[in-house]
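Engineer: Spelled out, the chains give:
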Amino acid sequence: AQSVTQLDSQVPVFEEAPVELRCNYSSSVSVYLFWYVQYPNQGLQLLLKYLSGSTLVKGINGFEAEFNKSQTSFHLRKPSVHISDTAEYFCAVTRGGSNYKLTFGKGTLLTVNP
Amino acid sequence: NAGVTQTPKFQVLKTGQSMTLQCAQDMNHNSMYWYRQDPGMGLRLIYYSASEGTTDKGEVPNGYNVSRLNKREFSLRLESAAPSQTSVYFCASSDGLAGGGTQYFGPGTRLTVL
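Chains as they are written, first to last, in my numbering: chain A, 1 to 114; chain B, 1 to 114.
It should be emphasised that the hints constitute simulated quantities derived from the structure, not laboratory data. A hint or two may mislead.
Think about it this way: if two alpha-carbon atoms lie no more than 20 angstroms apart in a straight line, the pair counts; the simulated EDC-like pairs of lysine to aspartate or glutamate are [to be verified]:
1) B:Lys9 / B:Asp26
2) A:Lys69 / A:Glu20
3) A:Lys106 / A:Glu88
4) A:Lys101 / A:Asp85
5) A:Lys101 / B:Glu79
6) A:Lys106 / B:Asp38
7) A:Lys58 / A:Glu20
8) B:Lys9 / B:Glu52
9) A:Lys58 / A:Asp85
10) B:Lys57 / B:Asp38
11) B:Lys9 / B:Glu79
12) A:Lys106 / B:Glu59
13) A:Lys101 / B:Asp38
14) A:Lys101 / B:Glu73
15) B:Lys14 / B:Asp95
16) A:Lys101 / B:Asp95
17) B:Lys57 / B:Glu79
18) B:Lys71 / B:Asp56
19) A:Lys69 / A:Glu88
20) A:Lys106 / A:Asp8
21) B:Lys71 / B:Asp26
22) A:Lys101 / B:Glu52
23) B:Lys57 / B:Glu73
24) A:Lys101 / B:Glu59
To spell it out: a stretch of chain B is covered by chain A in this simulated footprint if at least three of its residues, at any positions, have a beta carbon under 8 angstroms from a beta carbon of chain A; those stretches are [to be verified]:
25) 36-49
26) 105-114
Since the model is a prediction, treat every value here as computed from it, not as a measurement. Here a beta-carbon is modelled for each residue, glycine too, at the ideal position from N, C-alpha and C.
With the hints as extra help, turn the sequences into a complete structure.
Structural biologist: In structure tokens:
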């Protein structure tokens, strides 16, 4: 079975600072990896995903993530955050192939302060 | 397109009451999912339907039943609600096969069981 660990439950940063949200996964087989964002009182929406190919994945709103197979990590980064990036971010993993089950991490609350 | 819609948005039940949460998608997706979100727990999969006519248990199926009414609709039923089922419930649908598809989420139903 796969699992996801988001190492920080809360990350406070100042506006225009860089940010990294950490995600590690465990799986004995090949995986697909996702980052979703949840703004207050809304459902989740996809930021980016890694299925195969280039290990650096670019998503919406200036976010990117790097798949590191040797370290089983998929950290999310943004070089300069805005107040509007305040939200909860979820890393998720599913097994490549026919498995439809997506396993989510517990989430990281990113708070961007002026 | 409305995407994924859920009804109701809010609901308060007494212990032992029953209710059905409705979900519909207009994106012609094959796969649909029900999750619950609790503080500090991330999202946990209750049931999913990989395609019309099939349903499977997720991580936390106890106390719930589902019906895939047709390709568009996937309902979640609580037969005898318990306070432990107080949560935010999200429905999602997916645009891809073999786990790599993006999941699109509804706005959620906030359920309180007294």
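Engineer: Between Lys69 of chain A and Glu20 of chain A, is the straight-line Cα distance small enough, at 20 angstroms or below?
Structural biologist: Status holds; Cα separation ~18 angstroms.
Engineer: Taking only the CA atoms, is the gap from Lys57 of chain B to Glu73 of chain B under or equal to 20 angstroms?
Structural biologist: At roughly 17 angstroms apart (the allowed maximum being 20 angstroms), Glu73 of chain B and Lys57 of chain B satisfy the hint.
Engineer: Between Lys71 of chain B and Asp56 of chain B, does the CA-CA distance stay at or below 20 angstroms?
Structural biologist: Satisfied, since the Cα-Cα distance of roughly 15 angstroms is no more than 20 angstroms.
Engineer: Assess, step by step, whether the Cα of Lys101 of chain A is no farther than 20 angstroms from the Cα of Asp85 of chain A, and give holds or violated.
Structural biologist: Measuring from Cα to Cα gives roughly 28 angstroms; hence the hint is violated.
Engineer: Would you mind confirming whether the straight-line C-alpha gap from Lys106 of chain A to Asp8 of chain A stays at or under 20 angstroms?
Structural biologist: holds, 9 angstroms
Engineer: Regarding the pair Lys101 of chain A and Glu73 of chain B, is the alpha-carbon distance no greater than 20 angstroms?
Structural biologist: holds, 19 angstroms
Engineer: So if I understand the rule, the pair passes when the alpha-carbon distance is 20 angstroms or less; does Lys106 of chain A with Asp38 of chain B pass?
Structural biologist: holds, 9 angstroms
Engineer: Check the hint pairing Lys57 of chain B with Asp38 of chain B against an upper bound of 20 angstroms on the C-alpha distance.
Structural biologist: holds, 19 angstroms
Engineer: Between Lys101 of chain A and Asp95 of chain B, is the straight-line Cα distance small enough, at 20 angstroms or below?
Structural biologist: Holds. Lys101 of chain A to Asp95 of chain B sits at ~14 angstroms (cutoff 20 angstroms).
Engineer: Take the C-alpha atoms of Lys58 of chain A and Asp85 of chain A, compute the straight-line distance between them, and say whether it is at most 20 angstroms.
Structural biologist: Holds, at roughly 16 angstroms.
Engineer: When you check the alpha-carbon spacing of Lys57 of chain B and Glu79 of chain B, does it fall within 20 angstroms?
Structural biologist: Holds. Lys57 of chain B to Glu79 of chain B sits at ~16 angstroms (cutoff 20 angstroms).
Engineer: Could you grab the alpha-carbon distance between Lys69 of chain A and Glu88 of chain A and see if it respects the 20 angstroms cut-off?
Structural biologist: Cα-Cα ~25 angstroms, so violated.
Comparing the model with each earlier hint shows violations of hints 4, 5, 8, 15 and 19; every other hint is respected.
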